[in-house]
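Student: Here is how the chains run, residue by residue.
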Amino acid sequence: MSSTLPSAELDVAGQSRALAPATVRAPRLVVDGVGKAYGGVPVLKSVSLEIRPSEILGIAGENGAGKSTMLRIVSGIVRPDTGTLRLDGKPFAPVGYAAAVRSGISMVFQEQALVPNIAVYENLFLAHEKAFRTRFGIVDRNAAIAAAAVALDDLGLGHINPRRQLRDFGFEDRQMIEIARAFALASLHRIAEPIILLDEPTAAISGKEVEALFNRVEAFRGRGSFVLVTHRLSEYLRLCDRVYVFKDGENIAEVGRDRMNEARLHELMVGRVRSTHYYKEDRQRPLPEPATPVVEVRNVSGRGVNEVSFVLNRGEVLGIGGLLGCGKEEIGQAIAGAVPFPQAGEVLINGSPLPVKRRIEAAIAAGLGYVPRERKAEGLVPYLPLRWNASLAMLTRLRRLGLPWIDRGRENEHVRREMTRLRIKAADPMQLCAYMSGGNQQKVVLAKWLMRSPTVLILQNPTRGIDVGTKEEIYGLIRDLSEAGVAILLISDDLPELIGVSGRILLMREGQVAHEYASPADRKPSEDELIRHMV
Amino acid sequence: MTQSDTIPSAFASTPWTAQRLAPVLFLLVLSLAFALANSNFATFANLQNIVLASSILLIIASGSTFVILLGCIDLSVGAIVSLTGIATALLVPSLGAWALVVSVAVGLAVGIVNGALHVGLRIPSFLVTLGTMTAIGGVSLLLNDGRPIPIVHPTFKFLVSGTLVPGVPNIGLWAAAVYLVLILVDQRALFGRHTKAIGGSERTAGLIGLPVGLRKIEAFAISGAAAGLAGALLTARLQTAAIAMGEGLNLQAVATIVIGGTFITGGVGGVARTLIGVLVVVVLSNGLDLLAVHPYVQTVIKGAMVLAAVMAMNDRRLGIPK
Amino acid sequence: MTTASPEARTLPRSDLLMLFLPLILLAAQVVVFGLINDRFFSFPNALNLMRQSAVLLLVASGLNFVILVGSIDLSIGAIVTLSAVVVAILVRDLGFGLWSLPAAVLVGLAAGAVNALFNLVGRVPSFLATLGTMGIFTGISNVIGGGFNIHFEDPVLAWIAAGRLIGPIPNVALWSLILFGVVSVIGARTLFGRYLYAVGGGETVATLSGIRVQSVKAGAFLMSGLMSGVAGFLLVARAGTATQRMGDSLMLDAIAAVIIGGTALSGGVGGIHRSIIGVLVIAVMSNGLNVIGVDFFLQTIIKGAIVIVAVALTLDRSKTEFVK
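Note that the protein sequences, when read in sequence, are chains A, B and C. Residues 1 to 535 (the numbering used here) are what the first sequence spells out, left to right. Residues 1001 to 1322 (the numbering used here) are what the second sequence spells out, left to right. Residues 2001 to 2324 (the numbering used here) are what the third sequence spells out, left to right.
Rather than coming from a laboratory, the hints here were simulated on the basis of the structure. We put the beta carbon where it would ideally sit given N, CA and C, even for glycine. Honestly, I wouldn't trust all of these hints.
[Unchecked claim] DEER-style ranges, computed between Cβ atoms:
| # | chain 1 | residue 1 | chain 2 | residue 2 | range |
| --- | --- | --- | --- | --- | --- |
| 1 | B | G1120 | C | A2028 | 22 to 30 Å |
| 2 | B | W1098 | C | P2102 | 38 to 46 Å |
| 3 | C | A2113 | B | A1022 | 22 to 30 Å |
| 4 | B | P1154 | A | H189 | 56 to 64 Å |
| 5 | A | E472 | B | F1191 | 39 to 47 Å |
| 6 | B | A1189 | C | P2102 | 57 to 65 Å |
| 7 | B | L1030 | C | G2095 | 39 to 47 Å |
| 8 | A | D168 | B | P1166 | 44 to 52 Å |
| 9 | A | D140 | B | A1022 | 29 to 37 Å |
| 10 | A | S453 | C | G2181 | 31 to 39 Å |
[Said to hold, decoys possible] Listing some non-contacts, in silico: residues in chain C with all C-beta distances to chain A over 10 Å:
| # | residue |
| --- | --- |
| 11 | I2024 |
| 12 | V2032 |
| 13 | G2122 |
| 14 | E2153 |
| 15 | G2181 |
| 16 | D2248 |
Looking at chain A on its own, in the form it has when it is part of the complex (with noise of 0.2 Å):
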């Protein structure tokens, strides 16, 4: 085993409170030394790690530390460049998922894999129809559709039918036939001890279906082990026996249960403790009376949002936070036009009301910027040049006389101005953006607004992926941007950045704002103010 701290981070005793015997039995799975990079970038580092027999194991970082990509290594989707994995004492080298759910691990997807216009006991068991094979080859659907219905009973889906269609149900039933589904794979192939890897499992589930979750985890305690990852730290404290910290690709610390808690594993995950320096809270200023409304959002209703009404003014920064699916995503886009909605309410921009066609264009004409959360498939083209690029928004303004014609000295002075002042790092502005780091590519998309000279600019996870340097540059350029009086409303999973660079926080659940919070820089709420709001 090899951590790369000293041992007083590991808590003996909270390893043997799990289990009976007194002998400590070996590990169930051993992963040494695992690398994996993506086009030259490397995601994990030599990592390593073990997994235990009847134990919930945690696996925290921020985003982009490689916690999912470990998953994904682990079971069986993506191959290791380098190290090896053992379980049960034998090599372990799964060519796809499959192969690794018949040697005993499944996964709950992030993603949720399943697909829509097939029956829910077809997808819980697509790709292991061989399973119930009869003795002349045929499948038995009477079978499979019992051991459907089995495995949904027991996470409390009794009132899930197996044989409809899974685009029947709605979000929330599809991530626990999702989560089902890991299950049911272990009982399928009669795996006595399984091992059942949750990716971020209640990113989009609340209440009661959360404590049936962990309900199930707990009860399957002594019978198989489970990896955990999420962004709720607080889950961490609940269910796991230990916790490993990942950043930058690395596996940096395991932490036990008794030396548990949030300060701790934010600290470790960022590498600094939450400290007014990191988000530059030195640099909040309170907003100026009387505040001068920006943005106005008024019963703003439609695909995931209730109406919603708030406004955001001048030199403000508000944060928007909330489960995934509880509509803060979604307000993000109507506001900036980028789905055709909504059904009902406006918004105004400086006191006029955007229009409901070409909704965008209105919005941008009138001083708005959106920095989508996908950064490669809605903020920059990838085999685009940088300076293309960067001066997409731009274009009607770079015209020669009028004509539709580019003037390409204007637009190269731009651009390098841009490069410049957002320190963009890059050798040449032709150079293709796919080749660049996460965080050069977000400058390059906050680029693309910032030339415009926004009023208002919509950040959706802007730091996500992102390595700890340019994060800090783009705190720094929000606290400059605010203080130029450009009103920003920061939407983001990351609770302690929301409330570290929000001045105010508002907290949305099923579609509607739930709570407001004041997030002045003396008084910030903390993480557990905000999450029982949130759920």
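Following the hints, put chains B and C in place on chain A, whose structure we already have.
Tutor: Showing chains B and C alone in chain A's frame:
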């Protein structure tokens, strides 16, 4: 919890809604209209004509349904029909009715090549089959020197035009057999299930461990084999083989599949529904012929029909496709 | 001075190779054909080559717009035929003379508009929409032309096609090059051209950046139709006769030319100006195979294979995850 999904809920579960019934209704209306417009429509002889014309198309369309369910397309079926038709004509003198088997084998081989190129080289299916369509066209030209090849072989002719069941030309029996077998494959076999899963969400299917590449090759193989069979039967029926045999079949096959209710984007639909699509297309052709509408005009109408069908049956929520 | 195409910047070596492959291919062909039969290098053959590639250059350039944007236009051959038939009838029966050129342009634009309508409003995937319109346009050609060859005699059109304005260069090649130059500039230096790359490379990104994606795509289809319309005019001016399937072979040739030229099928990569490389490769191949006496049938087979190989080799880096 809200209704907002991270997976776009692209398909509504609507077993017996307007979308499913529409083609049937359309067929009835069409038939009624033609029957009223022309007294020759509703005769036994014309019905036999319809059966004859439907049979070939049904075989081809049923075979291609799997390809479409996967979200791909096979544009080479028409060329395969021509090729196998000509090959059959050349082989009948020496092999007799066994030329049929060779025909199917050739179609199967072409289908496998299509699938392999698509899967192995990751070339979009429409382009692969466009390429093979052209290449096969060249081969066909080589084989027959551009001249039609007549055949005279009573057994072979019986295969198609004889009547084992009184009143029903044998070719109808062939079509029914292929249709029913493929329905079974579609609904009962794992292959059918997997095809729909892959068409519905290829990313998930691959992730979970479904043999996506293999299924695709199998689907193209079935499509090719069915086209091969159709080519042989068509030659038997026409008693001659020419390059133009397969012309227009591509578009017609796609039209029938889409009209029947299988989404062009894949995942939803099935072989069973293709029958309605075939009947609609054939009745339309037949009726227009009886009304002496010029064949050139018919081409225009048929082209428009495919587009109308796709537009009507498409799933709106998928947004604008490429 | 930076070039218009974005690929030549800080690329891994394998990608650079891909960039120069068509040129290498071209050079290789020229050498091989020349060695087998030195008639290939003769002056009359060079002129032949120019004539043969002129029409393809127009069609391929137009198609490039559509492919760059991420769609496909399979109806280009049918549009060429339709335009040719319309021109022939106008010249023969109504004495239109040079006025048939604007007519051809109109036909092309109308056809492009129909394609855009089905794809953007009707939401039909472009390959299917243009497959359908291919049938429709062919049908319309048949109806208008009655299925017969339409022969005409017009000295102006004859000069346009076969005359020599500048030195020994056949006029048809001249017009083709000029028009090619114009659309290349449009692709490389205008807003529309830049938007093509954005929409093709990342439609969502383009939408979120305020670009009117629908308009850009419609524009692409219109350009494709327009160029095919003009190509039809030149083709029939050169031939003096409109036949029923004149434009058919152009479709596959144009697709191959665009792809070989370096515009990826999934869009967003390449450039209008690159059409000429692809066209030369295809034209040299056809010309060369003819000169060394290869059967027409064999040529078709080779063509089909070439398209597949071309796509496989220029496996675009945009790497659509799931190729359908």
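Student: The structure should be examined with respect to each hint, and the outcome stated for every one.
Tutor: Checked hints:
Between G1120/B and A2028/C the C-beta distance comes to about 25 Å, which sits within the given range of 22 to 30 Å. A hinted range of 38 to 46 Å for the beta carbons of W1098/B and P2102/C is inconsistent with their spacing of about 60 Å. Checked against the hint of 22 to 30 Å, the C-beta distance between A2113/C and A1022/B comes to roughly 28 Å, which is consistent with it. Between P1154/B and H189/A the beta carbon distance is about 59 Å. The supplied range of 56 to 64 Å therefore holds.
One distance hint, 39 to 47 Å for the beta-carbon pair E472/A and F1191/B, is violated here, with the actual separation near 54 Å. The beta-carbon spacing between A1189/B and P2102/C, approximately 59 Å, falls within the hinted interval of 57 to 65 Å. The hinted window of 39 to 47 Å between L1030/B and G2095/C holds, with their beta carbons roughly 44 Å apart. Between D168/A and P1166/B the beta carbon distance is about 47 Å. The supplied range of 44 to 52 Å therefore holds.
Taking the beta carbon of each, D140/A and A1022/B are about 36 Å apart, inside 29 to 37 Å as hinted. Checked against the hint of 31 to 39 Å, the C-beta distance between S453/A and G2181/C comes to roughly 38 Å, which is consistent with it. The Cβ of I2024/C lies farther than 10 Å from every Cβ of chain A, with a closest approach of about 23 Å, so its non-interface assignment holds. With a cut of 10 Å on Cβ distances, V2032/C stays outside the contact zone with chain A, its closest approach being about 34 Å.
No Cβ of chain A approaches the Cβ of G2122/C within 10 Å, the least distance being about 18 Å, so the stated non-interface status holds. Residue-level check passed: E2153/C sits 42 Å from the nearest beta carbon of chain A, beyond 10 Å. No beta-carbon of chain A comes within 10 Å of the beta-carbon of G2181/C; the shortest separation is about 15 Å. Non-interface status of D2248/C relative to chain A is upheld: no Cβ of that chain comes within 10 Å, the nearest being about 33 Å off.
Checked against the numbered hints above, the structure violates hints 2, 5; every other hint is satisfied.
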